[in-house]
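As a plain string of letters, each chain reads:
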Amino acid sequence: MIPAQRIIKTISEHWRIIEVLVERYSGLSFSLQDVQNLISRQHPDWLGDKVFNEAYKLVNMEILIPQAKSSHLQLNQAVLEFSQYLLHEQQLGLAEEIHVLIDNLKRLSTKLELSINAKDLDDTRRYCRQMDDRVRKIIKQFDGNERAIQNIVDQAKADLTNLSLEKRYKAVIEAFDEYIEPMLEMIDINGGVKQTFDDVELILSNAVTSIERTGVLSSEKEILIQLRSRILEMYGISLASLRRCADVLMPLREELRKNTLLTQQVAEVLSQMRKKGVDNTLTEHSPHLSSDYQKSSLGTANQITAYMAELVDYQDEQMEMPDIADTVAQLPAALPDFDVVVHQTRARLKSAKRINNMLSWLSDSYQEVAADEVLYIYQKLANSGEVAINTSEKPETLQLKGATVTLYPYQAAALDSASSDKK
Amino acid sequence: MQINLSELTYLQDINKKLVGGYHISEQDVQLWQQLDQYQDEYTSLFASLGYRLKHDVRGFFFIDADDSTVNMGKISRAFAVTVYTLIEYFADSGLDPLRALFEKVVTEDVMQNLVQNQYHLFEQLEITSAAELKRDVFNRMLRNGFAIETISTDSETEGQAGFKLLAPVYRYLDALDQIKPQEELEQTDDQLSDLVDSAAQEQNDE
Numbered sequence: 001m002i003p004a005q006r007i008i009k010t011i012s013e014h015w016r017i018i019e020v021l022v023e024r025y026s027g028l029s030f031s032l033q034d035v036q037n038l039i040s041r042q043h044p045d046w047l048g049d050k051v052f053n054e055a056y057k058l059v060n061m062e063i064l065i066p067q068a069k070s071s072h073l074q075l076n077q078a079v080l081e082f083s084q085y086l087l088h089e090q091q092l093g094l095a096e097e098i099h100v101l102i103d104n105l106k107r108l109s110t111k112l113e114l115s116i117n118a119k120d121l122d123d124t125r126r127y128c129r130q131m132d133d134r135v136r137k138i139i140k141q142f143d144g145n146e147r148a149i150q151n152i153v154d155q156a157k158a159d160l161t162n163l164s165l166e167k168r169y170k171a172v173i174e175a176f177d178e179y180i181e182p183m184l185e186m187i188d189i190n191g192g193v194k195q196t197f198d199d200v201e202l203i204l205s206n207a208v209t210s211i212e213r214t215g216v217l218s219s220e221k222e223i224l225i226q227l228r229s230r231i232l233e234m235y236g237i238s239l240a241s242l243r244r245c246a247d248v249l250m251p252l253r254e255e256l257r258k259n260t261l262l263t264q265q266v267a268e269v270l271s272q273m274r275k276k277g278v279d280n281t282l283t284e285h286s287p288h289l290s291s292d293y294q295k296s297s298l299g300t301a302n303q304i305t306a307y308m309a310e311l312v313d314y315q316d317e318q319m320e321m322p323d324i325a326d327t328v329a330q331l332p333a334a335l336p337d338f339d340v341v342v343h344q345t346r347a348r349l350k351s352a353k354r355i356n357n358m359l360s361w362l363s364d365s366y367q368e369v370a371a372d373e374v375l376y377i378y379q380k381l382a383n384s385g386e387v388a389i390n391t392s393e394k395p396e397t398l399q400l401k402g403a404t405v406t407l408y409p410y411q412a413a414a415l416d417s418a419s420s421d422k423k
Numbered sequence: 424m425q426i427n428l429s430e431l432t433y434l435q436d437i438n439k440k441l442v443g444g445y446h447i448s449e450q451d452v453q454l455w456q457q458l459d460q461y462q463d464e465y466t467s468l469f470a471s472l473g474y475r476l477k478h479d480v481r482g483f484f485f486i487d488a489d490d491s492t493v494n495m496g497k498i499s500r501a502f503a504v505t506v507y508t509l510i511e512y513f514a515d516s517g518l519d520p521l522r523a524l525f526e527k528v529v530t531e532d533v534m535q536n537l538v539q540n541q542y543h544l545f546e547q548l549e550i551t552s553a554a555e556l557k558r559d560v561f562n563r564m565l566r567n568g569f570a571i572e573t574i575s576t577d578s579e580t581e582g583q584a585g586f587k588l589l590a591p592v593y594r595y596l597d598a599l600d601q602i603k604p605q606e607e608l609e610q611t612d613d614q615l616s617d618l619v620d621s622a623a624q625e626q627n628d629e
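Top to bottom, those sequences are chains G and H.
Start counting the first sequence at 1; every next residue gets the next number (my numbering).
Start counting the second sequence at 424; every next residue gets the next number (my numbering).
Chain G extracted, bound-state conformation (with noise of 0.2 Å):
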């Protein structure tokens, strides 16, 4: 048993060598000789013992397998689809396997619907895993096999050889009559398809509903959903995946397709994209529009002659800065500290029990401070609750600091020696 970790990291390691072998092989047999030239080309410094144990050692993680009765390797078929699945190289399955597979997942539903009724967890727990599996399944066929056609396709048209069409065409004509037809009669409408999912559907809906009333199996009630969803996505992926197959392939099934030099090169960059990415593709050789020292640029005579303009006018001016020593230091207003003033009010109304006018008291106490912020503090301190306040009866008419107030002045009192106990 070799750990895993260690296989990985070797497919890691020699990643080139395997992506050439899946394109160039894929599948077929090769001699150690053949890897050990890939790898002596991908690494040219190595001595050639080095290479031969490199690619020895391919062998024996099992990457690289013998074959029967023979000198010659293969890609082990795991590492192979593995592979090809990175690579968007996927090879074109049969309709027969996913039928397969759905009649398995419509058995496997009937199956759940008895343990459910038998209220067996451990039966129920099972098959709702094997379905799950079927699904994964089925929507990875769907899934490899659109790429396989879209590879076929994309083949067929970038083929640069004067072939005649029917030539050409075979690979395509031959994914379209063995895959596309027979998949499309399963998943059509009417088709058996239909009626398995809504079946399965069915099953697993009343197995919620029964689940959500009895309480029984309850825990394995979020599964259940979960799976009748993912049956539900599945066949919608089922139908867009087989559309956009049937719509790459009809062109050519149809030898409706013109063929020129531009389409042979275009299906071969846009295979590309679709390989390695579009960015990856194009960010070397698409045109450039618009650089960055055209952005930075001034874009207009506009705004040429403005700036030239500018620079025509300009006069130097002096000014003096004025000297830190010569300003007057701007004191910042003495304003009292809150808390000073709450406490001498509150030292006042000890001596005095209450005041008859509150602003007069203020305005008298902080001479120094302007108006605006004797009235401030007038306002906070009423509405602080430092202090039990009530409104004069009768308004008075106050001369401050550089302004006239009338007003129903505050009066205050010390508060409960209770209340403020409280607090």
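None of these hints come from the bench; they were simulated from the model.
Everything numeric in this text was worked out from a predicted model, so none of it was measured.
Don't take every hint at face value.
[Said to hold, decoys possible] Calculated cross-link-like contacts (lysine to aspartate or glutamate; reagent style EDC-like; alpha-carbon spacing at most 20 Å):
hint, chain 1, residue 1, chain 2, residue 2
1, G, LYS276, H, ASP489
2, G, LYS275, H, GLU546
3, H, LYS557, H, ASP597
4, G, LYS57, G, ASP34
5, H, LYS477, H, GLU531
6, H, LYS587, H, ASP600
7, G, LYS276, G, ASP143
8, G, LYS258, H, GLU526
9, H, LYS439, H, ASP463
10, G, LYS276, H, ASP600
11, G, LYS276, G, GLU89
12, G, LYS275, H, ASP577
13, G, LYS276, H, GLU549
14, H, LYS497, H, ASP487
15, H, LYS497, G, ASP279
16, G, LYS106, G, GLU233
17, G, LYS221, G, ASP132
18, H, LYS497, G, GLU284
19, G, LYS380, G, ASP364
20, H, LYS497, H, ASP479
21, G, LYS350, G, GLU368
22, H, LYS587, H, ASP487
23, G, LYS258, H, ASP487
24, G, LYS380, G, ASP337
25, H, LYS477, H, ASP597
26, G, LYS275, H, ASP600
27, H, LYS557, H, GLU572
28, G, LYS167, G, GLU185
29, G, LYS170, G, ASP154
30, G, LYS350, G, ASP364
The hints should help you fit chain H onto chain G, whose structure is shown.
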């Protein structure tokens, strides 16, 4: 070279458009005529500003830039994908792709079809619907002089609004030659190095 600026009556317009990445083709009659008439003057004027004014014989003027701003690079790639998928679309419809590319009006239906059939590609450009394709690609093509807005006169789609591509799109067709599949490059690597070796050999011999 003596340039009489008073003759270059559209200098301001032309400069603004070209520097902004716009391609002036025969559609812009006045600008085109002026550029055509005073091509040398404009070329040297732009050269002294640090720009290469290019005249393509297929009927358009543009400023040849060495690199793209990040944003314009992205836009250019979206243009490329759109042009190439359009060629595919026309070829698959049984039309001569090159003729159709410049003659057919790209209506909303066509855009829908492009996005649907090449979903994997447009998805990479963050375009997932015909409306987005119109907004992100075709409207920008207008702004860069790659397309004009027009009404279709084809019998099937008569009266529908759409876009018609202009000659500057040839830049993207030329770019096809530059994009060689990677595999091919690898295979030619060895031959190339052989060539270089033999060339060096010859030089030594001389």
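A quick look at each hint next to the structure:
Under the criterion of a C-alpha separation no larger than 20 Å, the hint pairing LYS276(G) with ASP489(H) is inconsistent with the structure, at around 25 Å. Among the hinted pairs, LYS275(G) with GLU546(H) is consistent with the structure: their alpha-carbon atoms are about 13 Å apart, no more than 20 Å. Distance hint between LYS557(H) and ASP597(H) is unfulfilled; the C-alpha atoms sit about 24 Å from each other, more than 20 Å. Using a Cα cut-off of 20 Å, the hinted pair LYS57(G) and ASP34(G) holds, with the two alpha carbons roughly 15 Å apart.
The straight-line distance between the Cα atoms of LYS477(H) and GLU531(H) is roughly 33 Å, outside the 20 Å bound, and the hint therefore fails. Under the criterion of a C-alpha separation no larger than 20 Å, the hint pairing LYS587(H) with ASP600(H) is inconsistent with the structure, at around 24 Å. The hinted pair formed by LYS276(G) and ASP143(G) meets the criterion: a straight-line CA distance of about 17 Å does not exceed 20 Å. The straight-line distance between the Cα atoms of LYS258(G) and GLU526(H) is roughly 16 Å, inside the 20 Å bound, and the hint therefore holds.
Simply put, LYS439(H) and ASP463(H) have alpha-carbon atoms about 18 Å apart, close enough for the 20 Å limit, and the pair holds. Between LYS276(G) and ASP600(H) the alpha-carbon distance is near 18 Å, which keeps this suggested pair within the 20 Å criterion. In summary, the hint linking LYS276(G) to GLU89(G) is supported, as the alpha carbons are separated by about 11 Å, within the 20 Å threshold. With a C-alpha separation of about 36 Å, the suggested pair LYS275(G) and ASP577(H) falls outside the 20 Å cut-off, and the hint is violated.
At roughly 16 Å between alpha-carbon atoms, LYS276(G) and GLU549(H) fall within 20 Å of each other, so this suggested pair holds. Of the pairs offered as hints, the one joining LYS497(H) and ASP487(H) holds, with about 17 Å between alpha carbons and a cut-off of 20 Å not exceeded. Between LYS497(H) and ASP279(G) the CA atoms are separated by roughly 8 Å; this keeps the pair inside 20 Å, and the hint holds. Between LYS106(G) and GLU233(G) the alpha-carbon distance is near 16 Å, which keeps this suggested pair within the 20 Å criterion.
Between LYS221(G) and ASP132(G), the direct Cα distance comes to roughly 14 Å. Compliance with the 20 Å bound is thereby established for this hinted pair. Between LYS497(H) and GLU284(G) the alpha-carbon distance is near 11 Å, which keeps this suggested pair within the 20 Å criterion. A C-alpha spacing of about 17 Å is found between LYS380(G) and ASP364(G), which places the hinted pair at or below 20 Å, so the restraint holds. For the hint pairing LYS497(H) with ASP479(H), the CA-to-CA distance comes to about 24 Å; that exceeds 20 Å, so the pair is violated.
With a C-alpha separation of about 25 Å, the suggested pairing of LYS350(G) with GLU368(G) is violated against the 20 Å cut-off. About 23 Å separates the Cα atoms of LYS587(H) and ASP487(H), which puts this hinted pair outside 20 Å; it is violated. Taking the CA atoms of LYS258(G) and ASP487(H), the gap is near 33 Å; set against the 20 Å cutoff, the hint is violated. For a cut-off of 20 Å, the pair hint linking LYS380(G) to ASP337(G) stands: about 12 Å separates their Cα positions.
Between LYS477(H) and ASP597(H), the direct Cα distance comes to roughly 15 Å. Compliance with the 20 Å bound is thereby established for this hinted pair. This hinted pair checks out: LYS275(G) and ASP600(H) have alpha carbons roughly 19 Å apart, not beyond 20 Å. Note on LYS557(H) and GLU572(H): the hinted pairing holds, with a Cα-Cα distance of about 11 Å set against a maximum of 20 Å. For the proposed pair LYS167(G) and GLU185(G), the alpha carbon gap of about 27 Å is over 20 Å, so the pair is violated.
Taken as a hint, the LYS170(G) and ASP154(G) pair is honoured in the structure, with Cα atoms around 13 Å apart against an allowance of 20 Å. As the CA atoms of LYS350(G) and ASP364(G) are separated by approximately 18 Å, the hinted pair is consistent with the 20 Å bound.
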